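Each protein sequence line maps, in turn, to chains S and R.
Position one of the first sequence corresponds to residue 1 (this note's numbering), numbered consecutively onward.
Position one of the second sequence corresponds to residue 1 (this note's numbering), numbered consecutively onward.
Hints in this document: simulated from the structure, not taken from any laboratory.
Source: prediction; values computed, not measured.
Heads up, some of the hints might be wrong.
From the structure, some residues in chain S lie toward chain R, with a derived Cβ separation under 10 Å [what the hints assert, rightly or not]: (1) G136; (2) L137; (3) L320.
The list that follows gives simulated cross-link-like pairs (lysine-lysine, DSBU-like), each with its CA atoms no further than 35 Å apart [stated by the list, open to error]: (4) S/K287 to S/K343; (5) R/K343 to S/K397; (6) S/K397 to R/K107.
Selected chain S positions facing chain R (Cβ under 7 Å, derived; list incomplete) [to be verified]: (7) L2; (8) I5; (9) Y48; (10) V53; (11) C83; (12) G118; (13) C254; (14) V332; (15) Q333; (16) T392; (17) V396.
The beta carbon of each residue, even a glycine, is placed where N, CA and C say it ideally should be.
Protein chains: 2
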Amino acid sequence: MLKEIQGGVCAAKGFTANGVHCGIRKNKTKRDLALIYSEAEASAAAVYTQNLVKGAPLTVTKNNIADGKARAVICNSGNANTCNANGIEIAEQTCALLADALNINAKDVVVASTGVIGQPLDITPIAKGIPALVAGLGAHSDLACEGIMTTDTQPKEIAFEFTVGGKTCRIGGIAKGSGMIHPNMATMLVFVTTDCAVSSQMLAKALSADVKDSFNMISIDGDTSTNDMVSVLANGLAGNTKIDSEGADFDAFCAALNAVTTYLCRKIAADGEGATKLLECKVTGAKDEATAKTVAKSVICSSLVKAAMFGADANWGRILCAIGYAGADVDVQKVDVAFRSVKGEIPVCKSGAGIEFSEEIAKEILLEKEIEILVSLGDGEGKATAWGCDLTYDYVKINGDYRT
Amino acid sequence: MLKEIQGGVCAAKGFTANGVHCGIRKNKTKRDLALIYSEAEASAAAVYTQNLVKGAPLTVTKNNIADGKARAVICNSGNANTCNANGIEIAEQTCALLADALNINAKDVVVASTGVIGQPLDITPIAKGIPALVAGLGAHSDLACEGIMTTDTQPKEIAFEFTVGGKTCRIGGIAKGSGMIHPNMATMLVFVTTDCAVSSQMLAKALSADVKDSFNMISIDGDTSTNDMVSVLANGLAGNTKIDSEGADFDAFCAALNAVTTYLCRKIAADGEGATKLLECKVTGAKDEATAKTVAKSVICSSLVKAAMFGADANWGRILCAIGYAGADVDVQKVDVAFRSVKGEIPVCKSGAGIEFSEEIAKEILLEKEIEILVSLGDGEGKATAWGCDLTYDYVKINGDYRT
């Protein structure tokens with residue numbers, strides 16, 4: 001049903017994008033301002049960080065899309081507009097300048113910002129950069145993706161084709177996120193575009209449900225950013241009958257959205273600051289889904305598990321330990337643990353106690369780039385997956401002198 | 001009132017100790033079995049990890065001191081007796097063997113264990129080691145302290161003299177703990193001895209109250225161990241009238257206990273795995289104490305704050321971020337932040353927004369070994385202190401190949 005296609009956020013009809021270097025960053029080779037534009041009015045929905053310290057752009061965006069409509073997304077990197085006395089003013093100025101250049105309403109702009117917190121954001125480079133940003137709009141999802149990156153080492157971009165009511169629709173997304181990642185409700189910066197016709201109410205419903213299983217299940221370092229945001233714009237140019245209630249069409253849309261978000265989740269986790277490996281903790285047999293999520297998240301967040309995975313050390317006792325302090329209702333006497341990668345699968349713990357296993361085979365499995373930690377709780381049908389990465393020297397290096 | 005003295009757990013009258021290498025560890029220069037012995041019956045109290053995965057020795061100890069009495073503490077390092085099918089049996093055998101050698105009741109033994117989780121603990125080296133362990137009992141707090149260390153780089157030992165009802169009493173403690181430290185209710189391994197006469201009920205009361213402000217306020221890495229335990233033995237040989245209710249005597253005892261525990265907390269945090277610095281987060285102006293604790297703990301647990309402190313980077317935005325996701329009721333517009341060390345104090349954030357400050361002076365302050373992060377919430381009288389350490393390359397190194 002779903003087919004992966006090229007084009008990122010420009011795969012869907014009527015969406016163009018661009019990214020430029022406007023001067024927020026000193027490094028002139030690094031784009032620091034990104035734009036996504038829809039030629040038609042789009043339904044808009046977003047979810048935001050639950051950190052009490054919120055970036056000013058989130059407040060402005062929430063206000064702007066209260067009517068469920070948007071036309072454009074603008075985002076700068078290099079300096080987060082957070083904990084600044086004039087933050088709201090700068091975010092609103094950004095929207096106004098962009099709206100002028102695009103000849104749209106300033107209230108139809110989604111604005112976002114990422115980078116160091118607490119340094120005032122100067123409007124000058126943004127104002128100077130907007131004309132070139134707008135003039136260069138095209139099928140440049142890759143440039144927009146580059147413009148939102150901070151410590152990311154890889155762009156995170158994906159698109160799929162799917163069918164709703166006999167009409168071919170497209171959905172694509174870009175994301176940034178590498179550190180300060182432990183989303184709660186919303187997460188990082190993720191911008192999704194689709195030409196599927198969906199009411200803003202159903203779009204919001206689809207997104208809220210989706211993030212619970214996708215972005216809220218990633219953790220890089222346990223720190224929930226002040227600037228997390230996931231937004232979706234749906235401009236309806238695919239020509240399907242507008243989705244305004246639950247049913248087969250809504251399910252098809254949700255499946256496509258989930259394909260985009262799950263892909264981006266895995267990319268974000270694998271590109272965690274300093275990471276050498278993607279960790280996927282798959283919990284099954286929980287008494288319910290909430291329990292499975294709590295356990296999966298606890299394992300993926302454990303510094304000791306993460307460091308062991310970096311060392312390809314099958315130290316499963318640390319996994320039991322993380323399950324034990326998760327705060328979930330688990331019978332530790334029933335827990336089984338195994339490791340899996342492309343090299344194979346190896347059980348290491350049965351019924352809460354160690355079993356004999358080959359350290360050599362375990363090592364070979366754990367030396368791979370993508371590791372699954374399989375936890376079976378033996379207590380029901382609940383299951384969940386959480387994504388994370390290993391803890392490495394480079395995480396410390398990156399964060400020991402981020403500002404210098 | 002309180003006077004620091006020598007002697008650790010042997011400072012109090014009637015307590016002797018020892019530590020030997022019995023063979024659990026391959027490295028013969030590292031002691032791996034420790035003993036503390038009271039010549040008189042002692043009131044005993046302990047608090048334990050809240051991890052659902054609990055080391056078998058904790059279960060046995062809880063059962064043994066249910067009557068509020070104990071005579072001896074035995075602890076091995078190198079291999080935690082946790083997640084082993086025969087764990088209870090091994091822990092009970094250990095108590096029985098020791099009781100035989102000391103001619104005491106096996107139910108009067110506090111037993112503990114630390115090291116790798118999930119590898120069966122062989123009773124053979126323990127059985128072989130006990131005769132020498134008992135034969136060598138003396139004023140050897142230092143040897144016992146060495147016998148409980150794992151990745152600790154420094155022994156953690158302290159003693160004080162204090163007065164209760166005109167009688168001079170002594171209290172001393174040893175501790176181990178460097179990784180998997182994020183206590184909840186109880187923590188790490190801490191053994192305290194005193195010759196003050198205290199009923200077991202009042203001893204339990206004093207200890208439970210104390211850990212809330214001491215060990216529960218440390219975090220090295222957010223991982224709550226399966227083997228955490230703090231125990232206190234009080235043998236009454238100081239000759240004071242037994243403390244069996246609240247009042248001036250109880251307060252004097254609690255103050256002495258707190259002097260021991262606070263000292264050990266700071267030592268444990270400063271010796272966190274790979275740590276180069278002690279971090280103390282002091283929160284004031286909270287609406288209540290619980291809020292202050294939640295905020296202080298969140299700051300001290302943030303990987304990003306910890307990495308910034310390693311880099312001596314005054315990146316206060318990460319502190320605001322950690323306050324914002326703490327889950328506490330805080331008005332972020334009222335938050336002030338400053339850094340302090342022996343080199344001076346520098347305010348970096350006022351009313352939730354950045355202020356101008358000298359990066360050079362901040363750097364000089366943050367290059368010290370003991371850093372205070374001062375957070376003022378401007379919202380009431382609640383205050384709390386939490387202890388932690390920086391996140392360094394060596395933390396990753398130590399935990400990337402702990403078992404090899």
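Results for each hint:
1. G136: 32 Å, violated
2. L137: Interface hint status for S/L137: violated (32 Å vs cutoff 10 Å).
3. L320: Nearest chain R Cβ about 5 Å off; hint holds.
4. S/K287 to S/K343: Roughly 31 Å between the alpha carbons, so the hint for S/K287 and S/K343 holds.
5. R/K343 to S/K397: 25 Å, holds
6. S/K397 to R/K107: Given that 35 Å is the threshold and the Cα spacing comes to 50 Å, the pair is violated.
7. L2: 34 Å, violated
8. I5: Status violated, d = 36 Å.
9. Y48: Hint on S/Y48: violated, closest Cβ of chain R at ~12 Å, above 7 Å.
10. V53: 3 Å, holds
11. C83: With Cβ-Cβ at 5 Å, under 7 Å, it holds.
12. G118: This hint holds: S/G118 lies near chain R, its Cβ roughly 4 Å from the closest one there, short of 7 Å.
13. C254: Since the shortest Cβ distance to chain R is 28 Å, the answer is violated.
14. V332: It holds, given that the least Cβ distance between S/V332 and chain R is near 5 Å, below 7 Å.
15. Q333: Nearest chain R Cβ about 10 Å off; hint violated.
16. T392: Constraint on S/T392 satisfied, holds at 6 Å.
17. V396: 5 Å, holds
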